[in-house]
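A.B. asks: Build the full structure now, drawing on both the sequences and the hints.
These protein sequence lines are chains A and B, in that order.
Terminal number for the first sequence in my numbering: 505, no gaps in between.
Terminal number for the second sequence in my numbering: 505, no gaps in between.
Intra- or inter-copy, both count: the list cannot distinguish identical chains.
Okay, derived cross-link-like pairs now, DSS-like style, lysine-lysine, Cα gap no bigger than 25 Å in a straight line: (1) Lys-165 x Lys-326; (2) Lys-15 x Lys-107; (3) Lys-59 x Lys-81; (4) Lys-216 x Lys-248; (5) Lys-382 x Lys-15; (6) Lys-104 x Lys-407; (7) Lys-215 x Lys-202; (8) Lys-451 x Lys-469; (9) Lys-469 x Lys-326; (10) Lys-15 x Lys-81; (11) Lys-202 x Lys-221; (12) Lys-107 x Lys-421.
The set of hints was computed from the structure by calculation and includes no laboratory data.
All of these numbers come straight from a predicted model, not from anything done at the bench.
There are 2 protein chains.
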Amino acid sequence: MDSELKEILKGIKGFRDFYPEDYAEINKILNIMRDVSTKFGFEEYEGPSLEYAKLIEHKSGQELYDEIYSLVDREKRRLVLRPEQTPTLARLIANQHQKYPKPMRWFSIPRIFRDETPQRGRVKEHFQFNADIIGVDHVGADAEIIALTTQIIKRAGLKKDEFVCTINSRELVQNYLNNLGVENLPDVIRAIDSREKHVQSYIKQDLINKKVEKEKADDLSMIVRTVWMQDPKLEKFSSILKKDSNLAPYVDSLQEIAETVIKKSFKELGLTDFQSDQLYAFSNIRGNPEAFIEQIQNEFDLDEATKEVLDKMNELAVYLKMFGVIDTCIYDASIARGLDYYTGIVFEFYDTTGSVVRAIAGGGRYDQLVESFGGGKIPSTGIGMGETVLYSILKEQGKLEKYKHPAMVYVIPMTKDVTNIAAEIVSNLRDNFATLFNPFGWNRKKQLQDAVTRNIPYVVIVGKRDLENKNVTLKNLETREESLVLISNLTKELKKRFVQ
Amino acid sequence: MDSELKEILKGIKGFRDFYPEDYAEINKILNIMRDVSTKFGFEEYEGPSLEYAKLIEHKSGQELYDEIYSLVDREKRRLVLRPEQTPTLARLIANQHQKYPKPMRWFSIPRIFRDETPQRGRVKEHFQFNADIIGVDHVGADAEIIALTTQIIKRAGLKKDEFVCTINSRELVQNYLNNLGVENLPDVIRAIDSREKHVQSYIKQDLINKKVEKEKADDLSMIVRTVWMQDPKLEKFSSILKKDSNLAPYVDSLQEIAETVIKKSFKELGLTDFQSDQLYAFSNIRGNPEAFIEQIQNEFDLDEATKEVLDKMNELAVYLKMFGVIDTCIYDASIARGLDYYTGIVFEFYDTTGSVVRAIAGGGRYDQLVESFGGGKIPSTGIGMGETVLYSILKEQGKLEKYKHPAMVYVIPMTKDVTNIAAEIVSNLRDNFATLFNPFGWNRKKQLQDAVTRNIPYVVIVGKRDLENKNVTLKNLETREESLVLISNLTKELKKRFVQ
Chain A
6 MDSELKEILK GIKGFRDFYP EDYAEINKIL NIMRDVSTKF GFEEYEGPSL
56 EYAKLIEHKS GQELYDEIYS LVDREKRRLV LRPEQTPTLA RLIANQHQKY
106 PKPMRWFSIP RIFRDETPQR GRVKEHFQFN ADIIGVDHVG ADAEIIALTT
156 QIIKRAGLKK DEFVCTINSR ELVQNYLNNL GVENLPDVIR AIDSREKHVQ
206 SYIKQDLINK KVEKEKADDL SMIVRTVWMQ DPKLEKFSSI LKKDSNLAPY
256 VDSLQEIAET VIKKSFKELG LTDFQSDQLY AFSNIRGNPE AFIEQIQNEF
306 DLDEATKEVL DKMNELAVYL KMFGVIDTCI YDASIARGLD YYTGIVFEFY
356 DTTGSVVRAI AGGGRYDQLV ESFGGGKIPS TGIGMGETVL YSILKEQGKL
406 EKYKHPAMVY VIPMTKDVTN IAAEIVSNLR DNFATLFNPF GWNRKKQLQD
456 AVTRNIPYVV IVGKRDLENK NVTLKNLETR EESLVLISNL TKELKKRFVQ
Chain B
6 MDSELKEILK GIKGFRDFYP EDYAEINKIL NIMRDVSTKF GFEEYEGPSL
56 EYAKLIEHKS GQELYDEIYS LVDREKRRLV LRPEQTPTLA RLIANQHQKY
106 PKPMRWFSIP RIFRDETPQR GRVKEHFQFN ADIIGVDHVG ADAEIIALTT
156 QIIKRAGLKK DEFVCTINSR ELVQNYLNNL GVENLPDVIR AIDSREKHVQ
206 SYIKQDLINK KVEKEKADDL SMIVRTVWMQ DPKLEKFSSI LKKDSNLAPY
256 VDSLQEIAET VIKKSFKELG LTDFQSDQLY AFSNIRGNPE AFIEQIQNEF
306 DLDEATKEVL DKMNELAVYL KMFGVIDTCI YDASIARGLD YYTGIVFEFY
356 DTTGSVVRAI AGGGRYDQLV ESFGGGKIPS TGIGMGETVL YSILKEQGKL
406 EKYKHPAMVY VIPMTKDVTN IAAEIVSNLR DNFATLFNPF GWNRKKQLQD
456 AVTRNIPYVV IVGKRDLENK NVTLKNLETR EESLVLISNL TKELKKRFVQ
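C.D. replies: Right under this line is the structure:
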């Protein structure tokens with residue numbers, strides 16, 4: 006085989022081929038998303054995979070736009086492969102929201118695209134669950150989105166000590182930055198959002214300087230990032246660093262490194278030393294809702310606007326409690342979200358077992374997005390959750406079930422002259438059961454062997470002699486039990502067995 | 006609103022926004038495809054939306070390639086948005102078929118893309134059901150694919166006199182063309198495949214020459230095409246033409262026009278007058294399998310190879326009968342399929358009510374495709390069926406159900422102080438029922454009105470006095486019946502009502 010063909014056959018790096026056993030795992034996750042959303046009364050919608058480039062330019066941050074797939078169509082229009090669903094959703098709402106009573110609870114599971122630099126574990130196309138509550142300016146809606154996401158994560162198999170929802174308020178951060186006299190808010194907010202990335206990059210470069218090879222430095226710096234995010238003071242996870250001789254030196258220095266690196270990133274945006282110090286201290290505030298609010302009330306001189314924000318965060322906690330999810334929620338002043346359109350409560354879900362570094366899900370309130378499309382004032386809140394992170398966690402924890410062939414029954418004509426009757430039986434069985442039938446002139450042994458290879462639970466053997474009494478043989482391939490069954494009773498008999 | 010924003014808001018022409026009531030209709034069709042395939046023992050797979058341009062260049066015909074969306078990624082590679090799924094499937098099989106017992110029965114419902122010139126009713130992105138039986142060189146597999154497709158079309162709501170499966174053999178056509186001394190087979194086969202398109206273009210141009218405006222000429226020529234395809238001798242559908250004053254003149258001339266136009270398309274590819282006449286006559290042969298085979302046997306001097314092909318077509322008919330689908334099958338020598346990779350039996354499904362002109366589904370056997378990727382000899386057969394045509398037919402026939410909100414229950418706290426208990430009830434109900442809950446401080450009347458607006462079947466009213474006896478009020482919004490129910494019995498009571 007020539008090398009070009011070989012390359013083509015592999016497909017594009019970062020894109021995935023889903024063989025049936027792979028797709029069943031993905032589908033399991035997607036079906037949980039779909040089922041839980043429906044139980045919460047959400048309605049499913051979809052948009053096109055392609056949008057005008059200008060839709061995204063208007064609405065997403067620069068970060069997304071740098072990693073976008075763009076193309077020009079036959080009419081010379083600049084189009085993009087959607088990198089997220091929110092601009093599309095905002096477009097749909099702006100066009101038609103008059104038709105729908107508020108709040109609209111909508112979800113979607115689009116495939117979205119990012120032309121990223123290849124990185125371990127990153128994919129360029131993935132399914133991203135999106136759920137939004139549209140048209141209500143009430144923290145109860147934010148709490149419901151968090152409750153819905155929590156339920157999906159739990160149904161997927163994570164226990165309540167294996168993940169956390171970190172919550173903050175964009176308004177809190179903005180008020181704080183305004184009071185601090187900081188000017189270029191969007192850039193500074195993105196810098197806060199990138200805290201852990203800055204730490205990771207520093208560690209990676211430091212390892213490379215120490216002659217660690219690039220790929221290993223990649224992996225190791227990822228571990229440091231995970232540890233630092235979960236446990237910035239290294240109270241629980243220092244042992245993870247100690248285990249690796251390259252990382253052990255950071256046990257004592259990581260806190261100092263993080264502080265230096267993060268403050269530097271602030272200063273590069275023009276913040277003074279004083280502003281950087283203050284912002285760094287502020288962004289480290291983290292704890293359960295009550296403690297978080299108390300700390301901010303105690304440590305800062307609050308203006309009226311900030312007091313109102315804290316009241317709202319307090320009310321959010323009431324609703325989180327009402328929805329039974331407060332135990333997995335933490336307020337964290339460093340949560341900022343990279344996208345520009347967020348206006349209020351923002352949140353990110355993380356794995357806390359240390360197995361996956363990226364956020365499981367993230368979202369927040371965007372009260373002005375639809376209005377910016379000329380769609381009237383439609384306050385909204387929502388979440389995006391890729392399937393990949395949830396998948397990695399479940400895979401790593403061994404929580405994905407072994408793949409099973411969908412067929413429950415395999416019908417075998419013993420001789421060629423009964424194939425017609427077998428086909429009729431198959432056709433009836435298929436009203437109720439996934440049924441395999443291979444009328445390719447194979448002998449009985451080959452068909453039985455095929456049923457065994459594929460782990461089909463039951464075979465129905467159609468033989469001439471049994472047919473004289475309108476019978477077939479029903480055989481359980483696991484227990485090897487077999488019995489004669491009237492053809493007219495076959496569906497009933499199989500139903501009985503599958504209920505057991 | 007400025008005009009650019011207005012344009013962006015509409016989205017790209019030819020791409021569709023699926024609001025919940027739209028997506029429910031699409032999903033109904035996709036779920037039928039999924040359910041029937043599973044009942045036939047097919048396993049679901051998926052591939053990436055993007056492939057290397059070279060994969061498609063190698064494997065699809067020029068027609069597809071002219072309408073492809075292509076782009077260059079950050080690593081300067083030429084990529085395309087998949088215009089069909091078969092090249093991806095062939096790639097997957099070539100890579101991994103050793104892992105899977107044969108035959109593999111695989112299906113997929115990818116979204117595929119075509120950058121077509123805008124045409125009425127055409128979309129640039131659609132869901133396309135694909136089902137393939139891989140690794141068996143037996144007409145039983147072709148018959149099964151046809152049976153599966155037939156079952157899907159019937160489940161979607163078409164009656165057996167409302168559609169037809171037209172079947173041919175590429176080998177039959179190739180042998181015929183070889184014996185006729187024709188050389189550039191792929192081009193000629195495409196010309197046969199395009200018979201009706203040539204007729205349509207001629208009529209359209211003729212109407213424009215007669216000063217009919219372009220858009221109307223488009224629509225009218227489409228009608229002529231539909232009529233001619235279903236009824237080339239105008240034995241049944243001439244009344245459709247007579248109804249329109251522009252089309253009436255064609256009642257007497259259509260047969261002659263078709264003959265001239267089609268023969269001309271053959272001659273343009275270098276066929277002699279004799280060859281064109283012969284090929285035109287051959288391509289008009291059409292009838293039930295028995296009659297079709299008989300006619301060919303009677304009218305032509307058959308070589309051994311062609312006799313073998315007819316034997317195979319005869320055996321196919323045996324299997325079509327066995328699968329109970331022979332009544333909706335017609336053999337038709339003009340069915341050729343535009344794509345180059347087909348090698349044996351080919352088939353196309355058409356609506357026969359005259360409401361939709363394009364094929365509902367099409368496919369065939371491609372025994373050499375996987376081998377051309379270096380994947381060994383893997384004979385395969387399969388079908389592709391877009392959701393759009395099926396959707397148009399069902400829409401036109403009024404067979405799509407009215408959209409219903411997914412929620413079955415709506416829980417209403419009568420006063421703010423019972424919201425917590427209501428939330429607990431909601432959380433329990435959601436284990437079984439899609440449940441709406443709007444704890445936004447709305448009064449009872451507003452919530453009840455909301456439930457009515459959304460047509461939710463049941464409301465649960467949580468009131469302080471009822472709670473003293475651990476009761477809530479369960480109300481059927483349609484019948485207006487209401488009853489006090491113990492909270493602990495609520496799920497049981499609702500289950501009872503939904504079974505009724």
